[in-house]
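Trainee: So the mapping is simple: my numbering equals the position in the sequence shown, first residue as 1, plus 2.
Hint data in this document are derived by calculation from the structure and do not stem from the laboratory.
Since we're looking at a predicted model, the values are computed, not measured.
Quick reminder that beta carbons are idealized off the backbone N, C-alpha and C, glycines included.
Warning: the hint list may mix true and false statements.
Claimed, not checked - Taking CB as the label site, the calculated pair distances span:
| # | residue 1 | residue 2 | range |
| --- | --- | --- | --- |
| 1 | G53 | P86 | 25 to 33 Å |
| 2 | E27 | E54 | 19 to 27 Å |
| 3 | R13 | Y143 | 36 to 44 Å |
| 4 | T12 | N121 | 26 to 34 Å |
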Amino acid sequence: MPEPKAFRATRSPLIGLSALVISDEEILMIRRGLPPYVGAWSLPGGKLNWGETVHDALSREVLEETGLSVRLGSLAGVVESIDPDGSFHYVILDYFAEVLGGDLRAGDDATEVQWVSLNRVAELETTPGLISYLDDLGLIYG
């Protein structure tokens, strides 16, 4: 009888979510307080938890990071973030969202939160690829 194959652990990408919240020519941005990319400006969002819907997860993450409740709109795009050293691989679903209410404040793993003029986003130190992504969507000119 042949030997059973050894169990081989596999790694899979994680699903991340982010919100593109735009109002009056400004975009909602957070400064990351945890790895990866600590200190960089990015869109609010986070990881999808097991058993959680995309809508519930993204609404929760935006509320935790910004103090704002949002309603999800359509899918804006899909982005991958892969660490060259192999420490992470995220597939990020990015949704348009609109603010329903709340009080703007940084929370959870965001150290700062602010509305940034679309014509000034390229001046910020952002997560890799964010400026070109926003440019591809026609939101800014990077």
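Trainee: Could you say whether the range 36 to 44 Å given as a hint is met by the Cβ separation of R13 and Y143?
Mentor: Since R13 and Y143 have Cβ atoms about 37 Å apart, the given range 36 to 44 Å holds.
Trainee: Is 25 to 33 Å right for how far apart the beta carbons of G53 and P86 are?
Mentor: Distance hint for G53, P86 holds at roughly 32 Å.
Trainee: Quick one: are E27 and E54 within 19 to 27 Å, going by C-beta?
Mentor: violated, 32 Å
Trainee: Given a hint of 26 to 34 Å, does the C-beta separation of T12 and N121 actually sit inside it?
Mentor: violated, 44 Å
Consistency with the previously given hints fails for numbers 2, 4, ordered from lowest to highest.
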